[in-house]
Amino acid sequence: MTDIHVTSGAAGPTGSGRHLLEVKDLYVEFHTRDGVARVINGVSYHLDPGETLAVLGESGSGKSVTAQAIMGILDMPPAKIPSGKILYKGQDLLTMSEEQRRQVRGKEISMIFQDALSALNPVFPVGWQISETLRTRAGLSRKDALKRAVELMDLVKIPAAKARVKDYPHQFSGGMRQRVMIAMSLAMEPKVLIADEPTTALDVTVQAQIMDLLGDLRRDMNMGLILITHDLGVVADVADRIAVMYAGRIVEHADVRSVYKHPAHPYTEGLLDSIPRLDSKGTELATIKGLPPNLMRPPTGCAFHPRCKYAKAVCTTETPLSLDLGHGRTSACHFAKEMLDGTLR
Amino acid sequence: MAHSAENVAGARPAGEPLLRVENLVKHFPITQGILFKKKVGAVKAVDGVSFELHRGETLGIVGESGCGKSTLAKLLMRLETPTAGRAMLKGKDIFKVSGSELRRMRRNIQMVMQDPYTSLNPRMTVGDIIGEPYEIHTEVAPKGDRQRRVQELLELVGLNPEHINRYPHQFSGGQRQRIGIARALALKPEIIVCDEPVSALDVSIQAQVINLLEKLQGELDLSYIFIAHDLSVVRHISDRVGVMYLGKMVEVGTDAEIYERPTHPYTQALLSAVPVPDPDARSHRDVIRLTGDVPSPANPPSGCRFRTRCWKAQERCSVEEPLLIRRGVDPHPSACHFAELRQVVG
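Residue numbers (UniProt numbering), protein chains in the order written: chain B, 1 to 345; chain Y, 1 to 346.
Please note: incorrect hints may appear among the correct ones.
[What the hints assert, rightly or not] Okay, the calculated beta carbon distance ranges per label pair:
no., chain 1, residue 1, chain 2, residue 2, range
1, B, 163, Y, 121, 21 to 27 Å
2, B, 326, Y, 123, 54 to 60 Å
3, Y, 115, B, 163, 43 to 49 Å
4, Y, 152, B, 262, 42 to 48 Å
5, B, 273, Y, 167, 29 to 35 Å
6, B, 222, Y, 56, 53 to 59 Å
7, B, 338, Y, 65, 52 to 58 Å
8, Y, 166, B, 163, 53 to 59 Å
9, B, 299, Y, 91, 51 to 57 Å
10, B, 262, Y, 135, 31 to 37 Å
11, B, 83, Y, 287, 44 to 50 Å
12, B, 345, Y, 91, 23 to 29 Å
[As the list claims (entries may be wrong)] Computed cross-link-like contacts, DSBU-like style, restricted to lysine-lysine with a CA-CA straight-line distance of at most 35 Å:
no., chain 1, residue 1, chain 2, residue 2
13, B, 166, Y, 215
14, B, 289, Y, 188
15, Y, 215, B, 312
16, B, 162, B, 147
Think of the hints as simulated: they come from the structure by calculation, not from any bench. Beta carbons are placed, not taken as given, at the ideal position from N, Cα and C, and that holds for glycine.
Input sequences plus hints: build the corresponding full structure.
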């Protein structure tokens with residue numbers, strides 16, 4: 001692992017060696033009529049069994065596109081993957097045939113989406129939808145598949161699962177629908193579960209229930225969980241490690257405590273300062289000035305420099321490489337060491 | 001519903017309130033049949049809500065989806081007609097006025113919508129969007145003066161006045177929300193109803209819009225009714241907070257009273273469910289997990305509406321509805337028979 005981009009893939013909690021899932025220096029572009037948008041610019045991260053990696057970022061940061069690339073559900077074209085590797089148990093998913101890929105998708109790596117109502121088919125009962133993969137992939141009979149669907153609904157704590165297996169999605173509340181989605185994604189007992197903003201559309205009390213459920217399932221089934229979110233609160237509660245994304249790059253990667261205690265990238269620091277706190281009432285919120293960049297015309301040098309309060313001359317010309325700070329921490333800032341020392345002004 | 005408005009005034013003392021809402025009720029009928037629509041029930045979206053709003057104050061309203069907070073906003077905008085109750089704005093009931101008086105009243109209460117992507121007409125320029133209120137309320141700005149007024153408003157909300165001829169799609173989400181705020185300010189209202197104004201925005205942009213709202217409040221002496229489901233945002237901006245559950249206000253108080261000394265179990269559970277951005281808080285936080293979902297407002301539980309999800313519920317809760325009154329434990333109103341202090345934050 002001498003390649004500088006791979007540094008964020010080094011030294012997870014289980015030490016080096018082969019990871020369950022490893023994204024290596026991934027690039028994704030979208031070719032549109034107006035030009036090429038480079039939405040992922042050298043992203044690397046890894047995941048081990050039983051751990052939770054949170055991918056944090058604002059809209060347009062590329063967090064969902066990375067997940068879609070892992071799942072192999074990007075629309076190509078317009079999307080294009082010019083370079084990079086996605087290794088699952090050492091095998092590169094990107095060079096596999098579609099038939100091999102299909103064996104991985106859903107069975108080994110599964111995904112739950114943000115909006116459960118639009119992800120579920122309104123004209124089929126939920127039990128039928130949960131058992132669909134079991135019938136087509138595992139070759140179970142209708143009856144057995146439906147029986148398993150009830151078990152799965154029990155697993156995700158849907159009350160009266162047996163009675164509700166024939167109900168339609170609209171008969172469920174938002175939280176219950178998200179549970180149905182989770183049951184569906186667990187049908188083939190995947191090793192990796194990607195949750196793309198699983199609670200954004202839900203109320204706080206229900207959000208807490210769903211996050212607890214995902215945490216329990218991850219532990220019980222020893223799954224690797226990739227949690228994609230923009231909510232710093234949710235991340236702090238459940239994640240082991242955090243990868244913070246900005247403009248298609250991972251700008252900071254560390255264990256959850258370090259990120260919240262001593263952010264090593266100005267963007268992370270800005271994000272943490274700009275959230276209102278429940279336990280205190282400040283006078284004015286700190287803000288990150290300006291807007292996220294247009295990826296058709298990204299800024300020169302560090303993509304964050306137009307919004308960075310510490311930006312220096314070097315930031316406008318040179319793209320910072322991912323700097324290894326030890327203990328699996330990386331930061332893509334020219335002044336990461338100074339940030340950690342607290343000497344950056 | 002025997003309690004009077006005095007009981008629910010909250011902690012803010014003295015002075016005539018700008019807006020006094022008394023026992024506001026909105027039931028949506030559920031009908032059956034095609035030709036002869038028979039009323040078979042009602043969705044009790046807002047069911048007896050009372051509060052006061054003072055000048056220059058922000059009243060935060062929190063609650064889960066379906067608790068009636070958006071219906072409350074629509075009622076105050078007079079976009080819906082209430083089933084019962086009244087709302088006194090400077091001594092006049094906003095639901096009784098009509099004609100030119102209604103038009104004048106509408107000027108005084110404006111709204112900022114949740115979704116900055118759908119609440120701006122894509123075919124109108126920013127200048128037309130912000131200036132449109134002047135078409136209806138011609139007395140506020142004479143025709144020749146409008147462009148200048150719109151540019152002033154753009155500047156006030158932190159946008160470039162030269163962008164007056166641009167279209168909404170040329171702006172980002174945060175900038176669009178600023179346009180929405182400028183439109184709400186166009187008629188110089190005293191009250192602005194903000195219905196989830198920052199929930200569609202990214203974290204780094206959220207803070208910018210919240211700061212803008214606070215700055216404008218200071219400069220223009222505005223009163224806000226700030227409706228949101230994000231309790232941290234509400235605490236940050238509000239002077240007083242009302243917690244709603246299934247069409248009813250269950251607890252009202254100053255931000256310190258609600259967040260540091262909550263006495264209603266629902267408020268406590270709601271606060272406990274908010275994820276705090278501090279990994280070390282995980283271990284020593286008091287966690288209350290509510291089970292189940294909010295019951296249907298078409299068929300709310302008898303007595304206390306929260307009893308089906310409440311860990312304290314007893315026989316009495318199913319028969320006797322708890323009133324929103326001051327309880328012994330803390331001097332702010334709480335609608336729970338067994339109100340007691342429990343600190344759940346921090």
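Checked hints:
1. For residue 163/B paired with residue 121/Y, a C-beta distance near 47 Å fails the hint of 21 to 27 Å.
2. Distance hint for residue 326/B and residue 123/Y: a CB-CB separation of about 56 Å, consistent with the stated range 54 to 60 Å.
3. Between residue 115/Y and residue 163/B the Cβ separation comes to about 36 Å, which falls outside the hinted range of 43 to 49 Å.
4. Here the CB-CB span from residue 152/Y to residue 262/B is close to 44 Å, well matched to the stated 42 to 48 Å.
5. One distance hint, 29 to 35 Å for the beta-carbon pair residue 273/B and residue 167/Y, holds here, with the actual separation near 33 Å.
6. Checked against the hint of 53 to 59 Å, the pair residue 222/B and residue 56/Y passes, with Cβ atoms roughly 56 Å apart.
7. Checked against the hint of 52 to 58 Å, the pair residue 338/B and residue 65/Y fails, with Cβ atoms roughly 45 Å apart.
8. The supplied range of 53 to 59 Å is met by residue 166/Y and residue 163/B, whose beta-carbon atoms lie about 55 Å from each other.
9. As the Cβ distance of residue 299/B to residue 91/Y is approximately 56 Å, the hint placing it in 51 to 57 Å holds.
10. Taking 31 to 37 Å as the suggested C-beta distance range, the pair residue 262/B and residue 135/Y does not conform, at roughly 55 Å.
11. For the pair residue 83/B and residue 287/Y, the supplied restraint of 44 to 50 Å holds, since their beta-carbon distance comes to about 45 Å.
12. A hinted range of 23 to 29 Å for the beta carbons of residue 345/B and residue 91/Y is inconsistent with their spacing of about 56 Å.
13. Using a Cα cut-off of 35 Å, the hinted pair residue 166/B and residue 215/Y is violated, with the two alpha carbons roughly 53 Å apart.
14. For the hint linking residue 289/B to residue 188/Y, the alpha-carbon distance of about 28 Å falls within 35 Å, and the restraint holds.
15. Only pairs whose Cα atoms come within 35 Å are accepted, and residue 215/Y paired with residue 312/B is accepted, the gap being roughly 30 Å.
16. Our distance criterion of 35 Å between C-alpha atoms is met by residue 162/B and residue 147/B, whose separation comes to about 9 Å.
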